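Protein chains: 2
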Amino acid sequence: MSRLTSRAPAVLNLGIAGFAEAIAAAGGKAAQLDWQPPAAGDRAAGMALARLTGHPAVEAANRKAFEAFLASAPVLRTVMPARETLAGLGERTLLHAGPPVAWRDMCGPMQGAAAGAMLYEGWAADAGAARALAERGEVRFEPAHDRGAVGPMAGIISPSMPLWVVEDAARGARAFSNFNEGLGKALRFGAYGPEVLARLKWIERALAPAMGAALAALGGVELKPLMAQALGMGDEVHNRNAAASGLLLRRLAGALARSGGGGAALGEVLEFVAGNEHFFLNISMAACKAMLGAAHGVSGSSLVTAMSRNGREFGIRVSGLGGRWFTAPARPIDGLYFAGYSAADAALDLGDSAITETAGLGGFAMAAAPAIVKFVGGTPADAVANSLRMRHIAQGESNIFQLPALDFRGTASGIDARKVVDTGIEPVINTGIAHREPGIGQIGAGITRAPLACFVQAVVALDAELGRTP
Amino acid sequence: MSRLTSRAPAVLNLGIAGFAEAIAAAGGKAAQLDWQPPAAGDRAAGMALARLTGHPAVEAANRKAFEAFLASAPVLRTVMPARETLAGLGERTLLHAGPPVAWRDMCGPMQGAAAGAMLYEGWAADAGAARALAERGEVRFEPAHDRGAVGPMAGIISPSMPLWVVEDAARGARAFSNFNEGLGKALRFGAYGPEVLARLKWIERALAPAMGAALAALGGVELKPLMAQALGMGDEVHNRNAAASGLLLRRLAGALARSGGGGAALGEVLEFVAGNEHFFLNISMAACKAMLGAAHGVSGSSLVTAMSRNGREFGIRVSGLGGRWFTAPARPIDGLYFAGYSAADAALDLGDSAITETAGLGGFAMAAAPAIVKFVGGTPADAVANSLRMRHIAQGESNIFQLPALDFRGTASGIDARKVVDTGIEPVINTGIAHREPGIGQIGAGITRAPLACFVQAVVALDAELGRTP
Chain A
3 MSRLTSRAPA
13 VLNLGIAGFA
23 EAIAAAGGKA
33 AQLDWQPPAA
43 GDRAAGMALA
53 RLTGHPAVEA
63 ANRKAFEAFL
73 ASAPVLRTVM
83 PARETLAGLG
93 ERTLLHAGPP
103 VAWRDMCGPM
113 QGAAAGAMLY
123 EGWAADAGAA
133 RALAERGEVR
143 FEPAHDRGAV
153 GPMAGIISPS
163 MPLWVVEDAA
173 RGARAFSNFN
183 EGLGKALRFG
193 AYGPEVLARL
203 KWIERALAPA
213 MGAALAALGG
223 VELKPLMAQA
233 LGMGDEVHNR
243 NAAASGLLLR
253 RLAGALARSG
263 GGGAALGEVL
273 EFVAGNEHFF
283 LNISMAACKA
293 MLGAAHGVSG
303 SSLVTAMSRN
313 GREFGIRVSG
323 LGGRWFTAPA
333 RPIDGLYFAG
343 YSAADAALDL
353 GDSAITETAG
363 LGGFAMAAAP
373 AIVKFVGGTP
383 ADAVANSLRM
393 RHIAQGESNI
403 FQLPALDFRG
413 TASGIDARKV
423 VDTGIEPVIN
433 TGIAHREPGI
443 GQIGAGITRA
453 PLACFVQAVV
463 ALDAELGRTP
Chain B
3 MSRLTSRAPA
13 VLNLGIAGFA
23 EAIAAAGGKA
33 AQLDWQPPAA
43 GDRAAGMALA
53 RLTGHPAVEA
63 ANRKAFEAFL
73 ASAPVLRTVM
83 PARETLAGLG
93 ERTLLHAGPP
103 VAWRDMCGPM
113 QGAAAGAMLY
123 EGWAADAGAA
133 RALAERGEVR
143 FEPAHDRGAV
153 GPMAGIISPS
163 MPLWVVEDAA
173 RGARAFSNFN
183 EGLGKALRFG
193 AYGPEVLARL
203 KWIERALAPA
213 MGAALAALGG
223 VELKPLMAQA
233 LGMGDEVHNR
243 NAAASGLLLR
253 RLAGALARSG
263 GGGAALGEVL
273 EFVAGNEHFF
283 LNISMAACKA
293 MLGAAHGVSG
303 SSLVTAMSRN
313 GREFGIRVSG
323 LGGRWFTAPA
333 RPIDGLYFAG
343 YSAADAALDL
353 GDSAITETAG
363 LGGFAMAAAP
373 AIVKFVGGTP
383 ADAVANSLRM
393 RHIAQGESNI
403 FQLPALDFRG
413 TASGIDARKV
423 VDTGIEPVIN
433 TGIAHREPGI
443 GQIGAGITRA
453 PLACFVQAVV
463 ALDAELGRTP
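Chains A and B are the protein sequences, given in the same order.
Going by the working numbering, the letters in the first sequence line up with residues 3 to 472, in that order.
Going by the working numbering, the letters in the second sequence line up with residues 3 to 472, in that order.
It should be emphasised that the hints constitute simulated quantities derived from the structure, not laboratory data.
Note that the structure is predicted; figures quoted are calculated from it, not measured.
Please note: incorrect hints may appear among the correct ones.
Same chains, same names: a pair is fine if it fits in one copy or spans any two.
The list that follows gives simulated cross-link-like pairs (lysine to aspartate or glutamate, EDC-like), each with its CA atoms no further than 20 Å apart [unchecked claim]:
1) Lys226 to Glu279
2) Lys376 to Glu137
3) Lys187 to Asp148
4) Lys376 to Asp409
5) Lys203 to Asp128
6) Lys66 to Glu144
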C-alpha cells in the first residue's frame with residue numbers, strides 16, 4: 003500500500019477522456035486510450051453482437067464467402083448497350099447509384115444526371131420537360147446494384163448507354179459499369195449541357211465499338227493482375243487510376259490499331275483514353291462488383307458485399323442478408339476543394355464507387371498511393387495509417403493486391419460488419435466531391451467514412467436471421 | 003573522479019570497432035558509431051579536401067552549376083540516325099558506354115555488342131570477321147559521353163542507329179540516346195543473333211520513323227514533368243520505367259495514329275512500346291545527360307556531371323574539370339539473379355545508365371519506387387534509407403522530382419565530389435546485371451556504389467586546378 007501511495011499515480015484510461023484529464027490536472031500521469039463500447043452503446047445491438055461473435059455458422063460462412071472473393075477472376079470481356087446487357091431493363095428505366103431513392107428525394111447532381119440521360123435518350127426535348135416527365139412518375143428508377151451494375155457519382159445508366167461487361171471467370175457471373183467521361187462537365191456530376199450529351203453520343207458511336215472490337219481481338223483483359231500492378235504504381239484504383247488507365251491503354255492500343263480504322267478516328271479514341279486518368283475507375287468498380295458478387299449470398303455471412311451512396315443515404319449490403327439495404331444519412335466529405343469552391347457548395351457523399359473500398363481497395367489501399375494525399379488531403383503517413391487501421395475490421399488480406407510500402411502485405415479485405423460494430427472503426431472511403439447543384443461538376447475530392455449505424459442494423463438483422471434458422 | 007570510476011564505463015566509440023568490442027567484453031557499455039577519416043585516410047587527398055571545403059570559388063561555382071541543372075528543360079524533340087546527329091562520327095566508329103576502353107580490354111558483353119553492331123552495319127559478314135576487324139584496329143571506339151550520347155549496358159551506338167534527340171529548351175544544347183530493344187536477347191547485353199539484328203533493323207525502318215513523325219506532330223514532349231509524374235507512380239526512372247514508358251505511350255499514341263498508317267504496322271509499333279517496361283530508360287538517360295550538360299563546364303565546380311562504367315572501369319566527370327575521367331576498377335553488383343544464374347556468371351558494373359543517379363534519380367530516388375526491391379533486392383525500408391543517405395553528398399534537392407513517401411521532398415541532387423570524399427558515402431546505383439559472356443543477355447539486377455577512389459582523384463585534381471588559377 004505504501005508503494006502504491008508513495009508515487010504519483012500512473013493511469014491508463016480507457017474511454018471517456020475526462021478521467022485522464024482530471025488525473026493529469028492533479029499532477030499524475032495518465033495515458034489516454036480511445037475506446038467506446040461496442041455498437042456505440044446500443045444495448046440490443048451489443049447483445050446481437052455478443053451472440054454473433056465467434057458464432058460457428060457465421061465464422062464458417064465468412065470463410066466460405068472470403069474464399070469465393072479471393073478466388074474470383076474478373077475479366078474485362080466486352081462492351082454492350084445497357085438494354086441488351088441488363089435483361090428486362092424497361093425502356094423508360096434509369097439506374098442510379100446507391101440504395102433506392104425517389105425522384106423527389108434525389109440530390110441535385112443525381113436529378114441533373116437523370117434529366118441529362120432523358121435528353122440523351124430523346125425522351126424529352128429539354129431539361130424542363132425531362133424533370134416534368136420524372137415528376138409525373140413516367141420514368142422508373144432502380145438502384146444499379148440491383149442489376150449487378152455500378153456507376154460513379156450519380157451513377158445514372160440509361161438503356162442506350164454502352165456498358166463494360168466484366169465476367170468472373172471463376173463462376174461465369176457478370177458485372178457492369180458505364181464509361182467514364184473524364185473530369186469537368188460530366189453527366190455523373192449532374193451536368194447535361196450539349197457538350198456532355200455530344201460526348202455521350204461519341205462514346206456510344208465511336209469509343210464503345212472500338213473498345214468492343216479490341217477486347218474481342220484480345221479475348222478479354224484479366225483485371226486482378228492489372229489492378230495489382232497499378233497498386234505497385236501509386237494507384238488505389240478508386241480516386242487514383244492514373245497507372246491503371248495507362249496499363250489498360252497499353253494492353254488495348256495495339257488491338258485498337260489492328261481492329262480499327264487508323265488515322266484521325268483512332269487518334270481520337272487513343273487521345274480520349276490517354277487524356278483521362280480516371281478512365282479505368284468504372285472498370286475497377288465493375289471488377290470489384292464482380293469480386294464481391296462471388297462473396298454475396300452466403301447464408302450466415304456477416305461480410306459486407308456493397309457500400310454505396312445515393313447522395314441522401316449511405317447503404318450497405320451483407321452477404322448473408324440478400325438484397326436488403328441497411329442505410330443511414332449520407333455524410334459530407336472532409337476534403338480538398340478546387341479553387342473557388344468550399345464545403346458549402348458540396349453535395350453529400352455520392353456514388354457506387356465505394357464498391358472499391360468494399361473490395362479492400364480505394365481508402366483501404368491508400369498506403370499504395372502516397373501521392374493521392376495531394377488530391378484527397380492529409381499526409382502520406384495518414385494514407386499508411388488508414389490502410390493499417392482497416393485491418394481491424396477485415397476478414398483477411400488480399401492474396402493479390404499488395405501494398406509495397408507495407409512490405410508487400412495484402413490489402414485488408416472482406417469487411418466484417420461484426421468487427422465494425424465491435425471496434426467502432428468505420429470503413430474509410432476516398433471519394434470525389436460533386437457540387438450540390440446539377441450541371442456544375444466535381445469541385446473537390448476527399449475522405450469520408452461509412453456510417454456505423456448501417457453496420458449496427460446489419461448485425462441486428464443477421465442475429466435475427468440466425469435466430470430464425472436454428 | 004570517484005563518480006567516474008564508481009560506474010561501469012559508458013563509451014561512444016567512433017571508427018575502429020575493436021575499441022568498443024573490448025569495452026563491451028569487459029562489461030562496459032559502448033555504442034559504436036561508424037566513421038572513417040575523410041578521403042579514406044589518404045593524407046594528400048585530405049589536405050586537398052581541407053583546402054576545397056568552404057572554398058568561396060568552389061561554393062559559388064557549385065551554386066551556379068546547380069542552378070543551371072535545376073533550370074534545364076529537356077524536351078524529347080525528334081529521332082535521327084547517329085551519323086546525321088553526331089557531327090563528324092566516322093563511318094567506322096562505334097560509341098560505347100563508360101570511360102575510354104580499347105577493344106582488347108572490353109568485357110564480353112561489350113565485345114559482343116560491338117561485333118553485333120558491325121554485323122548490323124554490314125562491316126562484317128559474321129562475328130568472327132567482326133572480331134578480326136576490331137583486332138586489326140579498323141574500327142574506332144569512342145565513349146558515347148564524349149559526343150553527348152548515352153547508352154545502357156554496353157552502350158554501343160553505330161552510325162545507322164536512330165537516336166532519340168533530347169534538347170534542353172533552356173539553352174538549346176542536345177543529348178542523345180539509342181532505342182531500347184526490350185529485355186532478353188539484346189545488343190546492349192552483347193547478344194548479336196539474327197533476331198537481335200532483325201529487331202534493330204525494324205527499329206531503324208519502322209519504329210524510329212513512326213516516333214519521329216509523332217514527335218514532329220506534337221512538337222516534342224517535355225521530359226521533366228513526365229519523369230516527375232513517373233516518380234509519383236513508383237518509378238525511379240533507371241531500373242523501373244514501367245510508369246514512364248506508359249506515360250510516354252499515352253502522350254504519343256494519338257499522334258502515332260494520326261501521323262502513321264494504322265492497321266498492323268501501327269499495331270506492331272504500339273505493341274512493341276506497350277510490351278517493354280524499359281522503353282523509357284534510354285530517354286530518361288538522355289534527359290539526365292541534358293540536365294547535367296547544363297551543369298557541366300563551370301570552372302571550379304566540384305559537382306559530378308557523369309558517372310559511367312565500361313565493364314572494366316568506373317569513371318566520373320566533374321563540372322570544373324572538363325572532359326577528364328577519374329576512374330577506378332568496376333565492381334561486381336550485389337543483386338538478385340534470374341533463375342539459373344549466380345554472381346559467378348555476372349559481368350562487372352556496366353553502362354552509361356548511372357547518368358540517372360548523377361541527376362538524382364535511380365538509386366537516389368528509390369524511396370519513390372518501393373516495388374523495385376523485388377527486382378534489385380532489399381526491402382522498401384532500404385529503398386527509403388538510400389534516398390535519405392544520398393542527401394549527405396548532394397548540393398541540394400530537386401525542384402521537380404519529388405519523393406511522395408518522404409513527404410514530397412525533392413530527390414538529393416548535384417553530387418558534390420567533396421562531400422563524397424568527406425563522408426565516405428559512395429553514390430548508390432541501381433543497375434541491371436549482364437552475363438559475362440557475350441550473347442546471353444541480362445541475368446539479374448541489383449545495387450552497387452560508385453567507387454570512392456574516383457572522387458578522391460577528382461578532389462585532388464580540382465585542388466590542383468584551383469592552385470594553378472589564383
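Verification of the supplied hints:
Taking the closest pair of Cα atoms, Lys226 and Glu279 come within 20 Å of each other both inside a single copy (19 Å) and across two copies (19 Å). For a Cα distance limit of 20 Å, the shortest separation of Lys376 from Glu137 qualifies neither inside one copy, at 41 Å, nor across copies, at 58 Å. When the C-alpha separation of Lys187 and Asp148 is checked against a cutoff of 20 Å, the pair qualifies neither within a copy, at 27 Å, nor between copies, at 52 Å. For the homomeric pair Lys376 and Asp409, the shortest alpha-carbon distance between copies (10 Å) is at most 20 Å, but the shortest distance inside one copy (23 Å) is not.
With identical chains, the CA atoms of Lys203 and Asp128 are at most 20 Å apart within one copy only, with a shortest distance of 16 Å there and 59 Å across copies. In this assembly of identical chains, Lys66 and Glu144 lie within 20 Å of each other by CA distance neither inside one copy nor across copies; the values are 30 Å within and 66 Å between.
Hints 2, 3 and 6 from the earlier list are contradicted by this structure; the remaining hints agree with it.
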